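Chain by chain, the residues run as shown.
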Amino acid sequence: MAVCVAVIAKENYPLYIRSIPTENELKFHYMVHTSLDVVDEKISAMGKALVDQRELYLGLLYPTEDYKLCSYGYVTNSKVKFVMVVDSSNTALRDNEIRSMFRKLHNSYTDVMCNPFYNPGDRIQSRAFDSMVTSMMVQVC
Amino acid sequence: MADAALFEFLHTEMVAELWAHHSDPGPGGQKMSLSVLEGMGFRVGQALGESPTASAWPKRLPLSPRLPQETLAFREELDVLKFLCKDLWVAVFQKQMDSLRTNHQGTYVLQDNSFPLLIRMASGLQYLEEAPKFLAFTCGLLRGTLSTLGIKSLVTASVASLPTCKFQVVIQKT
Numbered sequence: 001m002a003v004c005v006a007v008i009a010k011e012n013y014p015l016y017i018r019s020i021p022t023e024n025e026l027k028f029h030y031m032v033h034t035s036l037d038v039v040d041e042k043i044s045a046m047g048k049a050l051v052d053q054r055e056l057y058l059g060l061l062y063p064t065e066d067y068k069l070c071s072y073g074y075v076t077n078s079k080v081k082f083v084m085v086v087d088s089s090n091t092a093l094r095d096n097e098i099r100s101m102f103r104k105l106h107n108s109y110t111d112v113m114c115n116p117f118y119n120p121g122d123r124i125q126s127r128a129f130d131s132m133v134t135s136m137m138v139q140v141c
Numbered sequence: 001m002a003d004a005a006l007f008e009f010l011h012t013e014m015v016a017e018l019w020a021h022h023s024d025p026g027p028g029g030q031k032m033s034l035s036v037l038e039g040m041g042f043r044v045g046q047a048l049g050e051s052p053t054a055s056a057w058p059k060r061l062p063l064s065p066r067l068p069q070e071t072l073a074f075r076e077e078l079d080v081l082k083f084l085c086k087d088l089w090v091a092v093f094q095k096q097m098d099s100l101r102t103n104h105q106g107t108y109v110l111q112d113n114s115f116p117l118l119i120r121m122a123s124g125l126q127y128l129e130e131a132p133k134f135l136a137f138t139c140g141l142l143r144g145t146l147s148t149l150g151i152k153s154l155v156t157a158s159v160a161s162l163p164t165c166k167f168q169v170v171i172q173k174t
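So the protein lines, in turn, are chains C and P. Mapping of the first sequence onto full-length UniProt numbering: position 76 corresponds to residue 76, and the numbering continues sequentially without gaps. Mapping of the second sequence onto full-length UniProt numbering: position 106 corresponds to residue 106, and the numbering continues sequentially without gaps.
Hint data in this document are derived by calculation from the structure and do not stem from the laboratory. Since the structure is predicted, the reported quantities are computational estimates derived from the model, not experimental observations. A few of these clues could be false.
Said to hold, decoys possible - Chain C stretches covered by chain P per the calculated footprint, using a threshold of three residues with CB under 8 Å from any CB of chain P:
#	stretch
1	72-78
2	107-119
Said to hold, decoys possible - Here are some of the chain P residues that sit facing chain C, going by a computed Cβ distance under 7 Å:
#	residue
3	Gln46
4	Ala47
5	Gly49
6	Glu50
7	Leu149
As the list claims (entries may be wrong) - Computed cross-link-like contacts, BS3-like style, restricted to lysine-lysine with a CA-CA straight-line distance of at most 27 Å:
#	chain 1	residue 1	chain 2	residue 2
8	C	Lys10	C	Lys27
9	C	Lys10	P	Lys95
10	P	Lys86	C	Lys10
11	C	Lys10	P	Lys152
12	C	Lys10	P	Lys173
13	C	Lys42	P	Lys133
14	C	Lys27	C	Lys104
15	C	Lys79	P	Lys86
16	P	Lys82	C	Lys79
C-beta atoms are modelled at their ideal positions from N, C-alpha and C, and glycine is treated no differently.
All chains, please: the whole structure from these sequences, using the hints.
Printed below as a string of structure tokens:
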């Protein structure tokens with residue numbers, strides 16, 4: 001289950017970032033920040049290689065040493081990145097589940113974009129988006 | 001299809017409404033209305049540019065904010081333009097763009113031989129001077145979609161005879 005979800009804009013600033021254990025928030029922010037480097041590396045690597053189907057889902061970015069936390073990445077066509085940090089100690093989350101979580105995120109993000117009251121580039125304040133992210137975060141515990 | 005007509009009516013009313021509020025019929029006021037229309041199209045294009053995942057809706061559903069998932073690998077500008085001509089045009093106007101020409105130096109001309117927003121007006125040279133107002137929204141739409149996909153551009157439209165119109169896209173190299 002996800003412990004931290006972040007939506008990062010094209011210019012690499014966060015549009016939305018939320019983590020579950022609210023005491024150590026800074027640690028998760030830092031982790032998301034370092035994951036961005038890995039994301040950038042993957043995007044540029046894929047651009048050079050002659051890959052037929054460039055995947056939006058980037059997969060496991062890197063695991064941390066002691067906490068059993070892993071971060072996963074996903075990039076949209078408009079270079080908006082979704083980074084998700086999951087706690088893999090309770091249940092071994094399968095790849096499919098992570099992909100479906102990203103798909104839900106992408107669909108909700110598209111809905112936010114279509115909202116006429118949302119200006120692209122602002123922080124995401126939509127309650128619908130919030131509740132979708134909450135549902136992803138409190139799945140297990 | 002009744003749904004396509006809804007957008008056409010809405011668009012016609014938008015243009016009429018923006019023009020009616022002009023007390024100043026000079027060229028300055030007109031330019032402002034054109035840029036308001038273009039701005040609206042730009043915001044819509046930005047939203048449309050977000051390609052979603054597995055759309056459950058059939059491709060023929062008009063004005064669906066969901067574009068097909070296969071539009072992923074944009075390896076170069078030409079791919080993006082082809083996407084505009086095929087998928088975006090089908091999603092908004094239920095038909096593909098008729099021709100795409102380029103000079104390979106950043107200028108593209110997209111030609112539509114029977115543009116749905118103009119086809120109800122006339123076919124020939126009548127109403128030629130009214131036509132540009134009806135193209136401003138679509139120019140903004142193209143510019144907005146290109147901007148979400150990471151391409152800064154300038155889009156202008158020209159009509160030689162209704163309902164054929166050409167959209168010229170010039171990519172701004174920074």
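Results for each hint:
1. 72-78: With 3 residues closer than 8 Å to chain P, the stretch 72-78 of chain C meets the three-residue bar; holds.
2. 107-119: As far as the stretch 107-119 of chain C goes, the hint holds, because 6 residues have Cβ atoms under 8 Å from chain P.
3. Gln46: 6 Å, holds
4. Ala47: Hint on P:Ala47: holds, closest Cβ of chain C at ~5 Å, below 7 Å.
5. Gly49: 6 Å, holds
6. Glu50: Check passed: Cβ of P:Glu50 comes within 5 Å of chain C, closer than 7 Å.
7. Leu149: At 6 Å from the nearest chain C Cβ, P:Leu149 passes the 7 Å test, so the hint holds.
8. C:Lys10 with C:Lys27: With Cα atoms ~23 Å apart, C:Lys10 and C:Lys27 stay inside 27 Å; holds.
9. C:Lys10 with P:Lys95: 31 Å, violated
10. P:Lys86 with C:Lys10: Satisfied, since the Cα-Cα distance of roughly 25 Å is no more than 27 Å.
11. C:Lys10 with P:Lys152: 14 Å, holds
12. C:Lys10 with P:Lys173: 18 Å, holds
13. C:Lys42 with P:Lys133: 44 Å, violated
14. C:Lys27 with C:Lys104: The given pair, whose Cα atoms are some 25 Å apart, holds under the 27 Å limit.
15. C:Lys79 with P:Lys86: 22 Å, holds
16. P:Lys82 with C:Lys79: 19 Å, holds
Hint check: violations occur at hints 9, 13; the rest are consistent with the structure.
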